[in-house]
Structure formats: structure tokens, C-alpha cells
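Student: Chains as they are written, first to last, in the UniProt record's numbering: chain P, 1 to 483; chain E, 1 to 483.
Treat the hints as calculated values from the structure; they're not laboratory data.
Careful, some of the hints might be misleading.
Said to hold, decoys possible - Each computed SDA-like pair below joins lysine to any residue, with the alpha-carbon atoms no more than 20 Å apart: (1) E/9 <-> E/395; (2) P/191 <-> E/32; (3) P/191 <-> E/312; (4) E/191 <-> P/41; (5) P/191 <-> E/317; (6) P/191 <-> E/309; (7) P/191 <-> E/41; (8) E/191 <-> P/309; (9) P/388 <-> P/398; (10) E/191 <-> E/206; (11) P/357 <-> P/336; (12) P/191 <-> E/31; (13) P/191 <-> E/35.
From a predicted model like this one, the values you see are computed outputs, not experimental measurements.
These are the residues of each chain, in order.
Protein chains: 2
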Amino acid sequence: MTTPNGAKKPFVLNAFTMNAVSHVAYGLWRHPEDQHYRHTDLDYWQELGRLLDGSGFDNLFIADALGLLDTYGGNAGASLAAGVQSPLTDPLLIASGIAAVTESLGITITVSTTYEHPWLLSRKFTTLDHATEGRIGWNLVTSQLESAARNLGYDTQVDHDLRYDRADEFLEVAYKLWLSSWEDGAVLRDKGSAAHPEGMFTDPAKVHPIDHEGRFFTVPGPYIAEPSPQRVPVLMQAGGSARGVEFAARHAEVIFVVGADDAAIRRNIAKVKALAEAEGRGPDAISFITSVAIVTGETDAEAEAKLAEYQRHFDFDGAVVHYAASTNIDFSDYGPETPIRYLDTASGRGLLGMFAKEETGRDWTLRDALAPAGGLGRSRLFVGSGAKVAAELDRWANETGLDGFNILHVVSPGSYADVITHVVPELRKLGRIRAPRDPGTSLRARLFGQESARPRADHPAHRLAAIPAQAKPAKEFQKDDAQ
Amino acid sequence: MTTPNGAKKPFVLNAFTMNAVSHVAYGLWRHPEDQHYRHTDLDYWQELGRLLDGSGFDNLFIADALGLLDTYGGNAGASLAAGVQSPLTDPLLIASGIAAVTESLGITITVSTTYEHPWLLSRKFTTLDHATEGRIGWNLVTSQLESAARNLGYDTQVDHDLRYDRADEFLEVAYKLWLSSWEDGAVLRDKGSAAHPEGMFTDPAKVHPIDHEGRFFTVPGPYIAEPSPQRVPVLMQAGGSARGVEFAARHAEVIFVVGADDAAIRRNIAKVKALAEAEGRGPDAISFITSVAIVTGETDAEAEAKLAEYQRHFDFDGAVVHYAASTNIDFSDYGPETPIRYLDTASGRGLLGMFAKEETGRDWTLRDALAPAGGLGRSRLFVGSGAKVAAELDRWANETGLDGFNILHVVSPGSYADVITHVVPELRKLGRIRAPRDPGTSLRARLFGQESARPRADHPAHRLAAIPAQAKPAKEFQKDDAQ
Numbered sequence: 001m002t003t004p005n006g007a008k009k010p011f012v013l014n015a016f017t018m019n020a021v022s023h024v025a026y027g028l029w030r031h032p033e034d035q036h037y038r039h040t041d042l043d044y045w046q047e048l049g050r051l052l053d054g055s056g057f058d059n060l061f062i063a064d065a066l067g068l069l070d071t072y073g074g075n076a077g078a079s080l081a082a083g084v085q086s087p088l089t090d091p092l093l094i095a096s097g098i099a100a101v102t103e104s105l106g107i108t109i110t111v112s113t114t115y116e117h118p119w120l121l122s123r124k125f126t127t128l129d130h131a132t133e134g135r136i137g138w139n140l141v142t143s144q145l146e147s148a149a150r151n152l153g154y155d156t157q158v159d160h161d162l163r164y165d166r167a168d169e170f171l172e173v174a175y176k177l178w179l180s181s182w183e184d185g186a187v188l189r190d191k192g193s194a195a196h197p198e199g200m201f202t203d204p205a206k207v208h209p210i211d212h213e214g215r216f217f218t219v220p221g222p223y224i225a226e227p228s229p230q231r232v233p234v235l236m237q238a239g240g241s242a243r244g245v246e247f248a249a250r251h252a253e254v255i256f257v258v259g260a261d262d263a264a265i266r267r268n269i270a271k272v273k274a275l276a277e278a279e280g281r282g283p284d285a286i287s288f289i290t291s292v293a294i295v296t297g298e299t300d301a302e303a304e305a306k307l308a309e310y311q312r313h314f315d316f317d318g319a320v321v322h323y324a325a326s327t328n329i330d331f332s333d334y335g336p337e338t339p340i341r342y343l344d345t346a347s348g349r350g351l352l353g354m355f356a357k358e359e360t361g362r363d364w365t366l367r368d369a370l371a372p373a374g375g376l377g378r379s380r381l382f383v384g385s386g387a388k389v390a391a392e393l394d395r396w397a398n399e400t401g402l403d404g405f406n407i408l409h410v411v412s413p414g415s416y417a418d419v420i421t422h423v424v425p426e427l428r429k430l431g432r433i434r435a436p437r438d439p440g441t442s443l444r445a446r447l448f449g450q451e452s453a454r455p456r457a458d459h460p461a462h463r464l465a466a467i468p469a470q471a472k473p474a475k476e477f478q479k480d481d482a483q
Numbered sequence: 001m002t003t004p005n006g007a008k009k010p011f012v013l014n015a016f017t018m019n020a021v022s023h024v025a026y027g028l029w030r031h032p033e034d035q036h037y038r039h040t041d042l043d044y045w046q047e048l049g050r051l052l053d054g055s056g057f058d059n060l061f062i063a064d065a066l067g068l069l070d071t072y073g074g075n076a077g078a079s080l081a082a083g084v085q086s087p088l089t090d091p092l093l094i095a096s097g098i099a100a101v102t103e104s105l106g107i108t109i110t111v112s113t114t115y116e117h118p119w120l121l122s123r124k125f126t127t128l129d130h131a132t133e134g135r136i137g138w139n140l141v142t143s144q145l146e147s148a149a150r151n152l153g154y155d156t157q158v159d160h161d162l163r164y165d166r167a168d169e170f171l172e173v174a175y176k177l178w179l180s181s182w183e184d185g186a187v188l189r190d191k192g193s194a195a196h197p198e199g200m201f202t203d204p205a206k207v208h209p210i211d212h213e214g215r216f217f218t219v220p221g222p223y224i225a226e227p228s229p230q231r232v233p234v235l236m237q238a239g240g241s242a243r244g245v246e247f248a249a250r251h252a253e254v255i256f257v258v259g260a261d262d263a264a265i266r267r268n269i270a271k272v273k274a275l276a277e278a279e280g281r282g283p284d285a286i287s288f289i290t291s292v293a294i295v296t297g298e299t300d301a302e303a304e305a306k307l308a309e310y311q312r313h314f315d316f317d318g319a320v321v322h323y324a325a326s327t328n329i330d331f332s333d334y335g336p337e338t339p340i341r342y343l344d345t346a347s348g349r350g351l352l353g354m355f356a357k358e359e360t361g362r363d364w365t366l367r368d369a370l371a372p373a374g375g376l377g378r379s380r381l382f383v384g385s386g387a388k389v390a391a392e393l394d395r396w397a398n399e400t401g402l403d404g405f406n407i408l409h410v411v412s413p414g415s416y417a418d419v420i421t422h423v424v425p426e427l428r429k430l431g432r433i434r435a436p437r438d439p440g441t442s443l444r445a446r447l448f449g450q451e452s453a454r455p456r457a458d459h460p461a462h463r464l465a466a467i468p469a470q471a472k473p474a475k476e477f478q479k480d481d482a483q
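Just need the whole structure built from these sequences, with the hints factored in.
Tutor: See below:
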């Protein structure tokens, strides 16, 4: 993508990981250089944060799930043994620990709307947006794992579309709390003045109940917390299903797209853009990203040698364990050469269909899908010198309309360090790395090159945050009104 | 209290505060030295953490609430204007930020069991116990504010005893997840050995479902996270009602007691000890603390002068606003000289009764109760040189059986700095400050002078964590079993 004056737009560059032994670098925790298995150790996250801060990476993006992967073989044994997304601790709780040692890095955390309440989760993000001085992002998910649902009191997963209906209303409540309940200037911090001789911390006349009464939530308000720099965390999402894409097009500012090939990625981006336009959002309202793995070094040969070494630690079975949970299909009876088109895709929730012959025009086996070209997982792999990888990323973005990348680690922090050393300087030459900004700049302003820390004027948050006309200021708010 | 060999037991010394402009130092945010109104700023919490770490304070104890205080006058206006427990952000989210700059300080966070699910909250505490290397504590509350209930989808507060019934089962689930699901040695981190040529991160044979099916929760497990150093956060609680005291006596390791006078504190401690004994807990299983405010300096005169200066910033109305919410009685029509015995105590939930003539043998007015002797709030106030305050704390503990104190700030961090400078050295001479320990020592081991980081053998957690006999290891665990 280029800007109107022909200069290339800087990429959105996220370091993509999970607070678990392995995210999608199956088996690589066994590599001597990998440190990510130290994920429970705050020192590890601080080392990673310091490496990424001001490095050219914009954002640390931490995935999450709320259950163990137990589809493969009908139990969690395989995922536990292989360390695939297990053990898994909470990424939201380490965010302020990372913020404590970084100055400009964005920190985007995955939280599901399905098992949280907007009254409580809104305050969590406000707290973190304050603590990071406006560097927090939220990767919106609705939780797909059966194992999470079972442990949270459901016999089976909440219906897919119902989860998104609830998520829509969840965000509506959150927007009201974040954007409408406290006016600008509500917090006076007046220790005593002519206007308020006894002092006034918050002006109650500028704090409003939200009087939300919906299908899923009744939240009278007013909000409990002082608005934070961004008010609304930068919203990221990856919706694959029709309902998920509709949701993403409405709310997300950064969208994670997948596709078996370039044409599929282009199609998926076009689909979201059309839906976003129908929501009144401008053509450049959303940045599209996808995940990539990068193996790089001083020379192409050095990178290739590194790849060969990594491949010796790759665990194909771990990839299958993860894919089984993602698709809810027990692959334990299928070999790696099974053609995907012969599997039942009905319960595959869109992931399998992505690789079907009808979609791509060719046969895919499990191995093709899960460890293509080089075999380090499902994401596109780039191998070579920094110049080679940078040129390929640039070309790929031009061809597909991608605005940036979630860069996976093969080993961590080694893979990120390699990208910083070799690829970032080459991307900078291509105009793909954003200029340094003041530490006080918000994540949103940095990612989208805007002045305001808040969502753009065309973001539906502003419309959805409108509070009912009958809502009265807090000082007149009577307890009985809400009951 | 003395140990068997006659030496005095070190106090449990907590710095007690809230992630809000004012906790209970009503109006003191207007004092030029107070920094606590910067509560949204992570730098502030890091400054406070660094001050307390290794200072003689054992623990930073952060209170919380889930709603605005809106009983007084029927709306939140008065609490917003006075900054009383508003604005209020989430203390759990800043814990790792504080942990990042401290080495031995305990960090105890208030979280309600009423609006959380044990499957999710257990993981949050495990995450923080890892991040702090075993320094996390949990102040258990069940949420009493109507304003929280209304915003979380209830017409009114959940019945008091029902909240405690749910809290009991909540802890039973958490104990099973924390103590029983993952055996010691389940995490192998074996990158490849004779026993496991392909490597094994977690041994599935040592990870068990918990098969919990109760009145409030169905949680099959197995747990998602690797056990943390303490496995169970140090459990603190303040239960005033009969059901609350029963709950505290069962679960808490540190209990916050109140009483209008020394005799009442002694009675309350004796009551809890009797209940704890009935649960099979030893006589020294629980440490009892209460909150105190301390104004100290080089000399008594300097401390008295400081107090007079603080009093000029004290906001009695703020105290009433808080007390109204605590008792659910709208005091806006009553003056400070109203005798408490004339107020309806039926809905006062135990707090008003504490001051009733029938309990204490004398008349109390609102002013007596909320700003006694010196007028800086409801807690006992100690004023004087370090030697004087230390001697009084020591004598008071001897007379009441208190094991330590939640020390409030009048101004923060100034009040804590004064205690560290003037009172801690004198308490140390009296044997009331615990010896420095290795940074790796857990909060539990430090507070209770024990070797193990886990709850004592007589703690009911071990009994309650027992998992049903039919539960099978994860590797044999079939999805259908849990449905």
C-alpha cells in the first residue's frame, strides 16, 4: 500500500506469541536457544519487552485460550506432553509488568468476551491503558474451545453466532462506559479554588449513567474509572466465519486475515472492506495483517542453515494436535498424507475449507497445510538475508493489500532479535518502518498515523456509545431508577 | 504474642491502600505532599513498591470495590466530588508492574468471588504467583455494594449468606485446581532423554481432572496452568457477619478484625479461633490484624504538629459518604452528632452494631465513630515519635492478641516513609520486625516463619482439594465424561 503522495505506508509489525510453552512453534521449545518455555517468569517477558521496545516492532501481541487442547485423541495428553499451548497462564496479568520496563511498545492482549462481564473487563482495559500511558490493545475473541466451555459451566460451547451477538452488545456497553459516561474535563483534581473552596476531584455533573438495558446486559452505570489516554484499547480481531467477519468489520481496527494463497487473502480483505464500508467506515479504516515466520541471518545461506537446524526440532504431531482443536476434528487416526478434501469439513469452522480443493484448485494433505515449504507450521515462512526477506514482505504486501504482519517466533527471543538485526534495517530503507515517535504517543496514534489517541470519527464506537436520552447526570441519579 | 522461647513474634506489617484517589484518608488527596491521587500512573506504584521493598513492611495490601459509593444522597455525586474510593481502577492489573521492581515485598490484592469464575480466577492468581516468584496474596471478599450488583446484572445484591456459600465452593474448586490437578514433578521440561527421546514438557500421567460437580460450579479440569511456587495465594479475609466469620475461620491465614474497643477485638479474635479449631486448624494457624493510622516524626511534638496539619485537610463528609455505603444507610439527613444507637442497625450489616451502646456501654455519635481522637478516620490513630508509637503498638498487640497491622496512609508515600524512618527501627528493637530473608522466599514462608511455600498441613485446603476417586489421569480422560 502506498500513501497518496506515493510513499509506502509503514507496516504494522507485531511480535506474536502466547503465554504458554509453545504458541505455534511446535517442538521448538526443545531448541537450545529458545527461552520461551520460561513464560511463567516475569524476567523473561521483561527481556522480551526491552528487546522489542523502540526496535521497529510496534506491538507485542499475546494470544490466549481458556482451555487445554483436548480434541486429539479425546484428551489433553498429547498437548501436555508436547507443550502445545500448555501450560498456559494469563497474558492480561503480565501486561503491566512488561509496561514497567518499556516506553513505546504497544501491548495487545487477547481476552474473550464470552466469559467476562463488560462492567469488569472495561475497567481492566482502562487500568492497563493508564498503566501503559495509552499503549494497550485488545485482541477480541469469543472463545472456541469446548474444553473452556465445559470448565466454565456449559455442557458444550455456546452457539457460535450467539457468542458474536453477545460480543456485539458487550462492546456497545464498553463503548458507553469508555466514551460517554465521563465527559472530557470531568476530572478536575481541584485541591481548592474559588469555584470549589473545599476542592473537587471529579465534577459529578460531567459523569453520566449509561442506562444500558439490552438482551444480554443491564448496566446502569455511571462508569467507575477515570477515562484513560486512548479511552478505547486498539481493537484487533481475527474473524473467519461469516458472523465473525461481520463483527470484525464493525469493530476491529486491525484485522488478522488468513488465506491459503494470495488470491484468497485478497478476497478476504475485499470482503471485510465492503462490510466495513456498509458500517460507514472509510476505505483505510482497517489495517490487515497476517502471521508470518521469518528465519534470517547475514546471508541467505546462513538463514537456510538456521532453518535446517530449526526443522530438526519441529514437531509435526504438535501441529496436528493444535489443528485438531482448532477444527474440532480428532486427527489421531489420520496420517500426515491424508488429503484434506476427504475429511468432514462441516465442523471444521472454516479452517479446513480454506485448504479444500474447491477453494484452491489443488489437493492439500495435512502435511501441506500444517507444515508447508520448510515445515515450521501453518504460517507463511520467509527465509533469507534481511534484504531478501524485506523485499519479499514488501512485494507480498503490494500483491495482497496486507498492511502488516504478526511475526511469530521460531525461537524466542532469538527470532525477534534476528528480525531486528537483519530485516528491520532493510524494511526501513523501503519505507516500511514507522519513524520513532515520542514515548507519550498512544498505540493508536502510532499505528494509524493520527493525532488523536481515540478511535477515528468513522468508528462505530462513537455511534454505539450514545446513551439514552433519559439518562441523567450522576448527581441526580436515583438508586431506584436502575432497579 | 510471644513465641515458645519467650521472644516476641514479628508483626505482620501491611501497607494498606486502594487503587483509587482516596481509600480511607478522606480529603487528604488535597494535601500538598500526597501523591496517591496519581493512582492511575504505574510510576507511582513503582515508587511505592521500591520504598516498601525490604523496608520492614512485609506486604502491600490493595483494597478494591466494584461499584461507586452511591448510598449517600442516593447517587454517586458526593463520592465523586470528594474522590472517596473514586475513580477506582483494578488493583489486580497493576500487580505485575509492582512485582517488576520489587524483590521481596508481598503483594496482596482484593478480588471478589461473587462475580468471577474459579476456572478463570485460579489462573490469574497462578500467573501472578509465578510473576512474583511466590509473593502473591488474595484478600477474599464477596462484594457488598448494591451499585456493583446492579451493574453486573442483578436487581439487588445477591443474598449475603448465599454469597458466602458460593465463595466456599469457589475456593473448593480453586484448591482442587491449585493443589490436586497437577502433581509435583508433572512438569518435566525434558528436551530429549532416554526416557523421552522426543522430549516431554508435561507428563500427562501426573495431570488429573478434578471432576468437580457442585451446587454452583461444574469444573471437570484438568487445570490449565503449571503450579506456582505457593500454589495457593496467601489467603486474607475480613468477615464481620456470623457467616463471614465462619468463612474466614475456615479459609483465611490472615484475618482483619475490627472492634470498637480492646475487649471487642479480643472477643472477635477468640470467636474466630474457636471456629478455626473446629475446622481442625491449630491455635496459631491464623494471624490477626487490624488497620491503624500512624502519624510520626523525630519527636512527639513534631508528630503532633504534623497531625494538626493533616487534620486541616481531613474531610468528615467523605468519611460519612463511605460509611453510608458500608452500612447501606443514607446518612445525608443526619448530622455528625447523631447518636448511633438511634439509627436503624438492621440493615447496617454489623458495622453499626459495633458502636451501639449495648455493645460498648457508652453513647457513640457518628463523629465519635468516624473520626475519633484526632479525626483522621475510623481506624485507631497512633501519634508520636517512633519509640512512642512502637511501644504503643507493642502494648496494644499484647493486650488484644493482634499479630500485626494494616497501616493506612494519611498521605502517600509520605506516611509509609515516616513509618519506615521512625517506627520500624524501634519495632525492630522490640523484636517485632522479621529478619531479612532471601529474595526467593515466598510471602507465606516469610509471614508464618515456615519452610514450605504452601498452606500449612492443618489448612482445610488440603482436605477440600481431594478429588473424587473416579477421576482419571488426563491421558485417559474422555471428553464425554465431563458432559
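Student: Each hint needs a verdict: does it hold in this structure or not?
Tutor: Here's how the hints hold up against the structure:
no.: 1; hint: E/9 <-> E/395; in the structure: holds (13 Å)
no.: 2; hint: P/191 <-> E/32; in the structure: holds (9 Å)
no.: 3; hint: P/191 <-> E/312; in the structure: holds (13 Å)
no.: 4; hint: E/191 <-> P/41; in the structure: holds (19 Å)
no.: 5; hint: P/191 <-> E/317; in the structure: holds (16 Å)
no.: 6; hint: P/191 <-> E/309; in the structure: holds (15 Å)
no.: 7; hint: P/191 <-> E/41; in the structure: holds (19 Å)
no.: 8; hint: E/191 <-> P/309; in the structure: holds (15 Å)
no.: 9; hint: P/388 <-> P/398; in the structure: holds (15 Å)
no.: 10; hint: E/191 <-> E/206; in the structure: holds (18 Å)
no.: 11; hint: P/357 <-> P/336; in the structure: holds (17 Å)
no.: 12; hint: P/191 <-> E/31; in the structure: holds (8 Å)
no.: 13; hint: P/191 <-> E/35; in the structure: holds (13 Å)
The earlier numbered hints are all upheld by this structure, with none contradicted.
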